[in-house]
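Same order as they appear, the protein sequences are chains A and B.
Just so you know, we're using my numbering here: the first sequence kicks off at 1 and counts up by one.
Just so you know, we're using my numbering here: the second sequence kicks off at 292 and counts up by one.
Be careful, since some hints might not be right.
Stated by the list, open to error - Quick partial rundown of chain A residues pointing at chain B, CB under 10 Å, derived from the structure:
#1 Gly8
#2 Val14
#3 Pro91
#4 Thr110
#5 Ala117
#6 Ser119
#7 Thr126
#8 Gly181
#9 Thr184
#10 Thr210
#11 Phe218
#12 Asn219
#13 Gln250
#14 Ala254
#15 Trp261
#16 Ile272
In case anyone wonders, no lab produced these hints; they're calculated from the structure.
All C-beta atoms, glycine included, are put in the ideal place defined by N, C-alpha and C.
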Amino acid sequence: MLQTFVNGIVAGSVHALVALGFSIIYSTARFFHFAHGAVFTAGAYFFFVSYSICKIPAPLAVAISVAATSGLGLAMNRWIYRPIRRSGGSPLVLLIAALGLLIAVQNLITLIFGHHARSVRSTSVTEGVNILGARITGVQISIVIVSLLLVSLTAFVFRHSRLGRDIRAVAEDPELTVIIGLRTERIIAIVFALGSGTAAVGAILVSFDTDIHPLMGFNALLYATVAVIVGGVGTVWGVYLGGLLLGMAQHFGAWQISTKWQPAIAFLILIIFLLVRPQGFFGQPPKKITV
Amino acid sequence: MLKKCRRLFSNLAIGLLLLLTMTCREPGAESVDIGWIGALTGQNAAYGSMVRRGTELAVEEVNAAGGINGRPLRILYEDDQLLPQRGVSALRKLISVDRVPLVIQSVGSTVMLAEAPIAEENQVVLISPTCTHDQITYAGEYIFRVAPRDSDQGKVIAEAILERLSLNTAGILYINNAYGAGLKDHFITSFSAHGGEVLTEEAFAEGQTDFRAQLQRIKESGAVAIALLGYYEEAARILRQTRELGLAVRFIGSDGTSNPELIDLAGDAAEGYMATSFGWDYASDDEQTVAFVTKYQERFGVLPPAFAAYGYDGLHIIATALRQAAGLSGPEIKNALLALEPYQGITGEAQFDELGDVHKPFEIFVVRDGVFRH
Numbered sequence: 001m002l003q004t005f006v007n008g009i010v011a012g013s014v015h016a017l018v019a020l021g022f023s024i025i026y027s028t029a030r031f032f033h034f035a036h037g038a039v040f041t042a043g044a045y046f047f048f049v050s051y052s053i054c055k056i057p058a059p060l061a062v063a064i065s066v067a068a069t070s071g072l073g074l075a076m077n078r079w080i081y082r083p084i085r086r087s088g089g090s091p092l093v094l095l096i097a098a099l100g101l102l103i104a105v106q107n108l109i110t111l112i113f114g115h116h117a118r119s120v121r122s123t124s125v126t127e128g129v130n131i132l133g134a135r136i137t138g139v140q141i142s143i144v145i146v147s148l149l150l151v152s153l154t155a156f157v158f159r160h161s162r163l164g165r166d167i168r169a170v171a172e173d174p175e176l177t178v179i180i181g182l183r184t185e186r187i188i189a190i191v192f193a194l195g196s197g198t199a200a201v202g203a204i205l206v207s208f209d210t211d212i213h214p215l216m217g218f219n220a221l222l223y224a225t226v227a228v229i230v231g232g233v234g235t236v237w238g239v240y241l242g243g244l245l246l247g248m249a250q251h252f253g254a255w256q257i258s259t260k261w262q263p264a265i266a267f268l269i270l271i272i273f274l275l276v277r278p279q280g281f282f283g284q285p286p287k288k289i290t291v
Numbered sequence: 292m293l294k295k296c297r298r299l300f301s302n303l304a305i306g307l308l309l310l311l312t313m314t315c316r317e318p319g320a321e322s323v324d325i326g327w328i329g330a331l332t333g334q335n336a337a338y339g340s341m342v343r344r345g346t347e348l349a350v351e352e353v354n355a356a357g358g359i360n361g362r363p364l365r366i367l368y369e370d371d372q373l374l375p376q377r378g379v380s381a382l383r384k385l386i387s388v389d390r391v392p393l394v395i396q397s398v399g400s401t402v403m404l405a406e407a408p409i410a411e412e413n414q415v416v417l418i419s420p421t422c423t424h425d426q427i428t429y430a431g432e433y434i435f436r437v438a439p440r441d442s443d444q445g446k447v448i449a450e451a452i453l454e455r456l457s458l459n460t461a462g463i464l465y466i467n468n469a470y471g472a473g474l475k476d477h478f479i480t481s482f483s484a485h486g487g488e489v490l491t492e493e494a495f496a497e498g499q500t501d502f503r504a505q506l507q508r509i510k511e512s513g514a515v516a517i518a519l520l521g522y523y524e525e526a527a528r529i530l531r532q533t534r535e536l537g538l539a540v541r542f543i544g545s546d547g548t549s550n551p552e553l554i555d556l557a558g559d560a561a562e563g564y565m566a567t568s569f570g571w572d573y574a575s576d577d578e579q580t581v582a583f584v585t586k587y588q589e590r591f592g593v594l595p596p597a598f599a600a601y602g603y604d605g606l607h608i609i610a611t612a613l614r615q616a617a618g619l620s621g622p623e624i625k626n627a628l629l630a631l632e633p634y635q636g637i638t639g640e641a642q643f644d645e646l647g648d649v650h651k652p653f654e655i656f657v658v659r660d661g662v663f664r665h
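Bound-form chain A, shown alone (with noise of 0.2 Å):
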């Protein structure tokens, strides 16, 4: 009971790590873009290239890593998204150019590193701390807290600082943020660093918790998504329990029902919010406008 409801956590915090940079970009650029799941994957392998191929020390490799996935991301953002929002195009345009990117990123990765799993792993395999009979590892516990406090910390920025204002207010209007004043495109650049930066942590993270692999992006963006839509699209606590919700459900639904139906269960968690509250946990009703 108490094992599966740590593995439900740590299943959690994975979700939400990814989900945070997701949400943000999306309730910022309103556009849900799917080549976050190879910004992910880009994270893991720049921090397999640093500090696995390179040497580079572990502190120094996170560092690149964050910076590098940050800039990948900003570069899509410039030379991808930007581009086609200029000539008008709609969000459904958006998103049909990120599935593209998705591929594209992943298959590029697949190229140069080949299709097979990888280790950054050096050490040799230990068991978990015990805690009340449940067993936890180094990593785990780290994944736990760093998604915590980047959790906290971006609903921080958003509630309290200046970018978070002018975020919300890029978020809530783009046109009357112009009007005012604001420099939409900048701000939009910025929630793309932001978001891909994040990704590269919950990367690397990760890949010590496992291993790495050309397509690990793909599902963790599909979980991301849902936990997104399940917290509430534009809530960024909304997202962390989206997150820990669909991880419990996982490893709880796993421990009760059968492991069969593992993968099937985060999106009959979906389904059902879709059908039953469609603006997730947080999230808002949507606004009817009458002109």
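With the hints as your guide, set chain B onto chain A.
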């Protein structure tokens, strides 16, 4: 005028293209073409690529030794992503456009079973170096494989638990696809027939990374011996998470998990891991094996996994049959394969029975000091 110029240019271009294709088709003697289908992209690309590497090495050797009666052997590679519908369209293309008399299905029993009726209808030989599903035996007279059946494998894993570990209870952790589910049923049949009791059956998905829910249920079932029916990437993660959870269980894995890369991924958590394999022992000091291992390592920088060795042996067997065949049509190649003398390769002896199967024994290998050993 402009119109005329354009037409002239397009005619010239077409002419040039035709010339180019004609010259490309004629590099000395006309080649003997055969098809090859396997996962080269997507989630399962690693498996197709391993077979392809082995196949490529063998083709080089065949061509260096004079090819097929003086004509070079050429392989036309197609990607199926391990998806039956893709495999079927690749096979249709190879049959109708390239007109090949023989196609190698590198990996994926599910794909091969979907392709079999088309190969039968067109009298094209379909042969696999790795597919182990039982149904393939009865899929048709043009369907061959250089691999034993899963029912034999289920039996060997069951016997290993009963005899090597002296346990009569076991748990099952299987990949939820045709390979894993089929093998699970064969294991249960053999294990129960010998008086064993299966305590729990846990499934996982292809590409899954978190197995803690499955391991938790295994822990609660009290099973100590676990039949791990799947592939090496998931198996490596399972071994690590088992160690991290402090679970004291012994795994016996299927042939899909017996790959030296499992040891790289799982590190010391792989120590003591047991897995079946049919005939491939990369640590063997057999002359032919050592030569292949050296060549493979020089070329690709890693130890050859079983799938590469099967691909290598498979191609040599096909080349032998092509040399001995009365002609290069599907029916003639089929007859040559059936009439083949026992072939001694790096993965043991192979000879086809009347159903197009070979009878190679499955053996158990154990990881000791970071190497899969007999």
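These are the hints, each one checked on the structure:
1. Taking 10 Å as the C-beta cut-off, the interface hint given for glycine 8(A) holds, the closest approach to chain B being about 9 Å.
2. A hinted interface residue such as valine 14(A) counts as satisfied when its beta carbon comes closer than 10 Å to some beta carbon of chain B; here the least separation is about 8 Å, so the hint holds.
3. At a threshold of 10 Å, the smallest CB-CB gap from proline 91(A) to chain B is about 28 Å, leaving the interface hint violated.
4. Evaluation of the threonine 110(A) hint against chain B yields a held restraint, the C-beta minimum of about 7 Å falling below 10 Å.
5. Among the interface hints, the one on alanine 117(A) holds; its C-beta lies about 5 Å from the nearest C-beta in chain B, closer than the 10 Å criterion.
6. For serine 119(A), the interface hint holds, the least distance from its beta-carbon to any beta-carbon of chain B being 5 Å, beneath 10 Å.
7. Against a cut-off of 10 Å between C-beta atoms, the interface hint on threonine 126(A) holds, since the closest Cβ of chain B lies about 7 Å away.
8. Proximity of glycine 181(A) to chain B is violated relative to the hint, the smallest CB-CB distance being about 47 Å (cut-off 10 Å).
9. About 38 Å separates the beta-carbon of threonine 184(A) from the nearest beta-carbon of chain B, more than 10 Å, and the hint is not met.
10. At a threshold of 10 Å, the smallest CB-CB gap from threonine 210(A) to chain B is about 5 Å, leaving the interface hint in force.
11. Using the Cβ-Cβ criterion of 10 Å, the hint placing phenylalanine 218(A) at the interface with chain B is satisfied: the shortest such distance is roughly 8 Å.
12. The beta carbon of asparagine 219(A) comes within 6 Å of a beta carbon in chain B, closer than 10 Å, and the hint placing it at the interface holds.
13. A cut of 10 Å between beta carbons decides the hint on glutamine 250(A): the least distance to chain B is about 7 Å, and the hint holds.
14. Annotation: interface hint on alanine 254(A) holds; nearest CB of chain B at approximately 4 Å, less than 10 Å.
15. Restraint check, tryptophan 261(A) versus chain B: the minimum CB separation of about 9 Å is within 10 Å; hint holds.
16. The criterion of a C-beta within 10 Å of any C-beta in chain B is not met by isoleucine 272(A), whose closest approach is roughly 20 Å, and the hint is violated.
Of the hints listed earlier, those the structure fails to meet are numbers 3, 8, 9, 16, in rising order.
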